[in-house]
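Chains as they are written, first to last, in the numbering used here: chain L, 5 to 364; chain Z, 867 to 1176.
Any given hint could be a false lead.
[Said to hold, decoys possible] Pulled from the structure, derived: some chain L residues nowhere near chain Z, Cβ distances all over 10 Å:
(1) N150
(2) D178
(3) E235
[Unchecked claim] Pairwise CB distance ranges (calculated):
(4) Z:P1123 <-> L:D199: 40 to 48 Å
(5) Z:N996 <-> L:L41: 47 to 55 Å
(6) Z:A1162 <-> L:F138: 24 to 32 Å
(7) Z:P1123 <-> L:L324: 32 to 40 Å
(8) L:L324 <-> Z:N991: 43 to 51 Å
(9) Z:R1157 <-> L:W224: 48 to 56 Å
(10) L:W224 <-> Z:P1080: 51 to 59 Å
[Said to hold, decoys possible] Interface residues of chain L toward chain Z, partial, derived using beta-carbon atoms under 8 Å:
(11) R23
(12) I26
(13) L30
(14) V149
(15) Y168
(16) N171
(17) F340
(18) L343
(19) A344
Because the hints were derived from the structure by calculation, they are not lab data.
We put the beta carbon where it would ideally sit given N, CA and C, even for glycine.
Chain residues, written in single-letter form:
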Amino acid sequence: MFGFRLQKRETPLPGGQIRAFIVGLLVALLIGALLLLMVDQNPLDIYAKMFSAAFGSSQGISTTLTRAVPLGLAGLAVAVAGSMGLWNIGAEGQIIAGAMGAAWVARLGPDLAGPALIPLMLFAAAIFGGLLAFGPAIARAQLGVNEIITTLMLNEIALRAVRYLVNGPWKDPDSFNFPQAPALPEQSVLPTLFDRASIAVLIAAAVLLVFGVYASRSAWGYELRVAGSSESAAKYAGISLKKKIFTVLVLSGTIAGLGGGLVLMGSSSSPSRLVEGVANGWGFAGIIVAALALMRPSGVAAVAVAFGAVQVGGLRIQTLGVPASVANTLQALILFGALAAAVFTNYKLTRRSAAQAVTA
Amino acid sequence: MNEETLIGLFLSVIEFGTLLYLAALGELIAEKSGVLNLGVEGMMAMGGVAAFWVGVETGNPWLALLVAIMVGALFASIHGLVAVVLGADQVVSGLALTILGVGVSAFLGKDYVSQAPGARFEALNLGPLNDIPWIGEFIFGQSIIPWLALALGIITWFVLTRTRIGLVLRAVGESASAADSAGSPVVLTRLIAVAIGGALAGMSGAYLTMSLAPGWSEGTTAGRGWIALALVIFGAWKPGRVGVGALLFGGLLALEPRLQTFGVEISPILLSMLPYVLTIAAMIALSIRSRNRPSAAPAALGSTYRREER
Chain L
5 MFGFRLQKRE
15 TPLPGGQIRA
25 FIVGLLVALL
35 IGALLLLMVD
45 QNPLDIYAKM
55 FSAAFGSSQG
65 ISTTLTRAVP
75 LGLAGLAVAV
85 AGSMGLWNIG
95 AEGQIIAGAM
105 GAAWVARLGP
115 DLAGPALIPL
125 MLFAAAIFGG
135 LLAFGPAIAR
145 AQLGVNEIIT
155 TLMLNEIALR
165 AVRYLVNGPW
175 KDPDSFNFPQ
185 APALPEQSVL
195 PTLFDRASIA
205 VLIAAAVLLV
215 FGVYASRSAW
225 GYELRVAGSS
235 ESAAKYAGIS
245 LKKKIFTVLV
255 LSGTIAGLGG
265 GLVLMGSSSS
275 PSRLVEGVAN
285 GWGFAGIIVA
295 ALALMRPSGV
305 AAVAVAFGAV
315 QVGGLRIQTL
325 GVPASVANTL
335 QALILFGALA
345 AAVFTNYKLT
355 RRSAAQAVTA
Chain Z
867 MNEETLIGLF
877 LSVIEFGTLL
887 YLAALGELIA
897 EKSGVLNLGV
907 EGMMAMGGVA
917 AFWVGVETGN
927 PWLALLVAIM
937 VGALFASIHG
947 LVAVVLGADQ
957 VVSGLALTIL
967 GVGVSAFLGK
977 DYVSQAPGAR
987 FEALNLGPLN
997 DIPWIGEFIF
1007 GQSIIPWLAL
1017 ALGIITWFVL
1027 TRTRIGLVLR
1037 AVGESASAAD
1047 SAGSPVVLTR
1057 LIAVAIGGAL
1067 AGMSGAYLTM
1077 SLAPGWSEGT
1087 TAGRGWIALA
1097 LVIFGAWKPG
1107 RVGVGALLFG
1117 GLLALEPRLQ
1127 TFGVEISPIL
1137 LSMLPYVLTI
1147 AAMIALSIRS
1157 RNRPSAAPAA
1167 LGSTYRREER
């Protein structure tokens, strides 16, 4: 169209994804600057304040890392499914389910000592996240039901489940009618690492590291990528596709669920308690994180920290009267910019006439 | 329960049905051309804030509606550019569109939160028709928008099934390479379908902020865009069935705030899960039933088309 066409490069540009991310970031900052000018703010000033809020102090860094925890685990959840060509759009709901599972265990055994309670809660969080993915997993594996839509629908169902709980059965009687569950028992809150960061950061980093190594080195990870790239190749290699689809989707939910547990128990706000907004859009942002990281766990960690920083910066400028939604806006813009830029690592724009001359 | 509350319920069923139908119809058109757009929620939010803004500034509901339609179409075209022209993944691009739309609309609408709407569509005055008991109130007592939605549904059905343009659109959505070989412009068709989808989602957002729940606040779309997405599947990509589904799901939305009035002891929050549960159930039922038959979904839905790779 328009005399131009996209022509596939013989070899993709080296370092294309990092370049794409940087282009995306620049595009986002530019469009964000226009939006900020529209509301009479100085973009350079705002961006400087965002950056220093996220990285300028030990406290800022600890908050950035805390926010990177759910982003990273949701991103990993999406990436694990994505490396097999499956879409888990349900990380948002699985985070909620995980937080509900952890809160439930705390309700059952509030007097357990921390060393017993904390692992139990995290275990329940992972199981609950996996359970929410169980239905879409079995429907996809056995019946071929599109997992994009089922996981998407379950987000809304999980959101209403937690809304029901904190407005009804689990509502804190001492909360002055505010819809929230009672505060978690003190011994269930994760120990502090530094400033506002808890050991949730270490747990998430460990999970990402294990998956990063395992996915790239193990036969399991190799089979996953084979199955993702070609169904028929997987069949010839004797890989059971149904089983793989099922386990990968449930595993994906488990990871996101664990993220929900860590959010609940390791948040910087005190006291920690279950509220409706526990997932805070992290599950959806995780999809962007995974896409920007090209479904690779190592990339997920890096992008998650970057997005954590954008969110912390967004919170900071909220105090200056700039809507906090600028953070979400920037995240989406980074993705659009990077998606567009990434195309050009594999394709180049050529004049139609020239391209035809080459093929002729 | 008296006559008045029942009429109020039916009125609200049609209002919510209209809201969902407009957005779902747009998504149906995009998906029929082979493009999945998960950005409905964001496009509705953009249309909603645009309409509310123009309404407050000019007081002209038709101008507000028109701007919302244009904003919706333009905003959807980001997805068109990224996913159709450049060929990025439709799922990622669509979700990013939702995040972007919700974010930007909150940003731009900041000063309009809790303001009174400047323009709205009033109930039509249809003379003697309004005097008919019951339906005179909840059918002929609606504004113009539900009627427009009905007309758009019929037009969509007609164009899709009875015209050459509809044939091209469906062909592009079933097999892009075959359509391309036959000389149909794949990329252009998809771009237009996505833009129309955005226009209708924008219209739905305008109806929300100007008529159904006049006002603007962040997150005012409250997940209705996801229901619209669900409706397309629930209605098996058929404008008529999607319409029936819209009334059903609209009915559930209308019941939500009224359960207590009717003395039902179920939490309205649990009731609000039903549209999503029903959609999953319908998807499973459809896939069991159509095991040996082709699926109702457009065959090329979600896949990028690049000519040199066919």
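* Does the structure break any of the earlier hints, and which numbers would those be? -> Hint check: 1, 9, 11, 12 and 13 fail, others pass.
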